[in-house]
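Colleague: Below, each chain spelled out in residue letters.
There are 2 protein chains.
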Amino acid sequence: MSKVIKVNHVAIAVDDLEGALKFWRDDLGLELDHVETVPSEKVEVAFIPVGDSEIELVKPTSDETGLAKFIQKRGMGLHHLCLQVDDIDGMLINLRAKGVRLISEEPVELPGRKMAFIHPGSTNGVLVELYELLSEA
Amino acid sequence: MSKVIKVNHVAIAVDDLEGALKFWRDDLGLELDHVETVPSEKVEVAFIPVGDSEIELVKPTSDETGLAKFIQKRGMGLHHLCLQVDDIDGMLINLRAKGVRLISEEPVELPGRKMAFIHPGSTNGVLVELYELLSEA
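Protein sequence lines, in the order shown, are assigned to chains E and P. Going by the working numbering, the first sequence opens with residue 907, and the numbers climb by one from there. Going by the working numbering, the second sequence opens with residue 907, and the numbers climb by one from there.
One copy or two, either will do: identical chains are not told apart, so a pair holds if it fits within one copy or between any two.
No farther apart than 35 Å at their CA atoms in a straight line, the calculated lysine-lysine pairs in the DSBU-like style are these:
no., residue 1, residue 2
1, K912, K979
2, K909, K1004
3, K1004, K928
4, K948, K909
5, K1020, K948
6, K912, K1020
7, K1004, K1020
8, K1004, K912
9, K1020, K909
10, K948, K928
No lab work stands behind these hints, which were simulated from the structure alone. Because the structure is a prediction, the values reported are computed rather than measured.
Next up, chain E with everything else stripped away, as it sits in the complex:
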């Protein structure tokens, strides 16, 4: 039985990474681990470890993405919650069987991880990402 291990990250939609780091790094004193551009998802991400999880500041690099439209419509703010699971394929099978609506029917595989999104219509309005780290599988 696949299970949730922890909160992998909380993602915050921002339109200006340096401006956002002013609060999270400079004011709050958190450490920026690194910034990464992910062309396949058209985002630039600042990774900020916090205890056993991370805060990710996510900035769209295109106006056409769901993330960009989220900011245009609602402004910057909490965007999604990523839960790390031990077996994403098993979890998706289980969720489908329970009638949960998935955004990705199959997980997307990136180096070192597999990920999938659950539709907010099944989660009380929360965009939930599931994450399996392959090195920990």
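Please build the complex by placing chain P on the supplied structure of chain E, with the hints as guidance.
Modeller: Below, chain P alone, put in the same frame as chain E:
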């Protein structure tokens, strides 16, 4: 120097606790620790441990609270991010000195914990709660 220790919890605004537990507990397989009514804040909260953090499903018990208005305006969804700090008084002094706008100028003290909120205007739209557990001070 006061510092952030971890993500204490991620709060999700819901208008129906039992309906919300259908996803988080029954579908996702997380365990409900307990449900608590907090009359001073006019909320009912379901506490769901996830790794070293918690997901809190927060339901308003009055239509007049900020939480109730959040749901009326934006629907259910991610509401706030709570960061646990080792010294909340020191953190608030530091944040004020850096020009960060606070909702509570002084922390509110409840049994076992002190808490304060930072205004979303200073945090890229994220309602950030700070939490100090007094038993761990």
